[in-house]
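Colleague: Whole structure, please, built from the sequences with the hints as guidance.
If you're matching them up, the sequences are chains B and A in order.
The opening residue of the first sequence carries number 1 in our numbering; numbering runs sequentially from there.
The opening residue of the second sequence carries number 1 in our numbering; numbering runs sequentially from there.
No lab work stands behind these hints, which were simulated from the structure alone.
Accuracy of the hints is not assured; some may be wrong.
Residues from chain B shown here face chain A by an in silico Cβ test under 8 angstroms; the list is partial [stated by the list, open to error]:
1. S16
2. A45
3. I47
4. Q52
Just so it is clear, CB atoms sit at the ideal spot from N, CA and C, and this is done for glycine as well.
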Amino acid sequence: MKKLETRRYISGFALSLGLTLVAYLFVVQGWAHGWTLIYVLAALAIIQLFVQLMFFLHLGREAKPRWNLTVLSFAAIIVSILVFGSLWIMKNLSYGHTHTPPPAAIIKDEGYKP
Amino acid sequence: MSEETAVSERQANETKTIFGFWVYLMTDCVLFASLFATFAVLRNSTYGGPAGNELFSLPFVLIETLVLLTSSFTAGLGILAARSRDKQRVLLFFGLTMLLGIFFLTMEITEFHKLYLEGNSWRRSGFLSAFFTLVGTHGAHITSGLIWMAVMLVKVARSGLTSATVKRLTMLSLFWHFLDIIWIFIFTIVYLMGTAV
Numbered sequence: 001m002k003k004l005e006t007r008r009y010i011s012g013f014a015l016s017l018g019l020t021l022v023a024y025l026f027v028v029q030g031w032a033h034g035w036t037l038i039y040v041l042a043a044l045a046i047i048q049l050f051v052q053l054m055f056f057l058h059l060g061r062e063a064k065p066r067w068n069l070t071v072l073s074f075a076a077i078i079v080s081i082l083v084f085g086s087l088w089i090m091k092n093l094s095y096g097h098t099h100t101p102p103p104a105a106i107i108k109d110e111g112y113k114p
Numbered sequence: 001m002s003e004e005t006a007v008s009e010r011q012a013n014e015t016k017t018i019f020g021f022w023v024y025l026m027t028d029c030v031l032f033a034s035l036f037a038t039f040a041v042l043r044n045s046t047y048g049g050p051a052g053n054e055l056f057s058l059p060f061v062l063i064e065t066l067v068l069l070t071s072s073f074t075a076g077l078g079i080l081a082a083r084s085r086d087k088q089r090v091l092l093f094f095g096l097t098m099l100l101g102i103f104f105l106t107m108e109i110t111e112f113h114k115l116y117l118e119g120n121s122w123r124r125s126g127f128l129s130a131f132f133t134l135v136g137t138h139g140a141h142i143t144s145g146l147i148w149m150a151v152m153l154v155k156v157a158r159s160g161l162t163s164a165t166v167k168r169l170t171m172l173s174l175f176w177h178f179l180d181i182i183w184i185f186i187f188t189i190v191y192l193m194g195t196a197v
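Modeller: Below you can see the structure in the form of structure tokens.
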């Protein structure tokens, strides 16, 4: 029993180590560029999230009812609304973005001076 | 009350306490999510100052990441030892975790200090404010985790592994694994993506 548990931790550690190094090499070696690289890095991070949740936090082997998983899913929903919502809204706002000049209407209405 | 019911009641209470701690961790996730969102929004707002690819040294951060990952692993081995009531191994593994944690924190403070001396502190730009807030909050969590760990090590060394101590060690290792998971995203989003783009 204990040996099996130790082995789970070792495989989780090895997998996380591998995923970290692959992500690092993708950037340093320039195996991908632009958006492809962003997607690859995001995918590797999310895989590592699941690896650690399963191997270090034992999430897949919880007894029913799975309250830990329920709360985690709720947190995941809030997190994604928060992160993607902020990005989405801010992308559509010109305020505070110095790299693109604000629309003429904003300059006129708000007395905005770039 | 028979002895058996007493035991099962105590176990039920322990499960509840650990679940409560898990709920706290999930709310902490939301705190970090808001900081990640802030960082993602402000990542290009450098106000004429340096961007991530001019500031970060990837090999340095990779070592930080590997140190923290290893400490998460040793914390896991520590909790296995605690469950089989092996005091020596608990002290060994949590001691190792603590040393690695201190090493990680020292590296992080070194990086902050270097940025500060170069004039790239949180005052430089929106990007750097968001960077220092996000990474600094993680560092503050690590610091409190280390203090907690020091207290637990003294407790285990003095009074051995009671069931209350094992419960607290379980929560401590949950906390530590959680911080490692947060760091994966800091490593990916702040450092790797920040250097690549």
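Colleague: Go through the numbered hints given earlier and state which of them the structure violates, listing their numbers in rising order.
Modeller: 3
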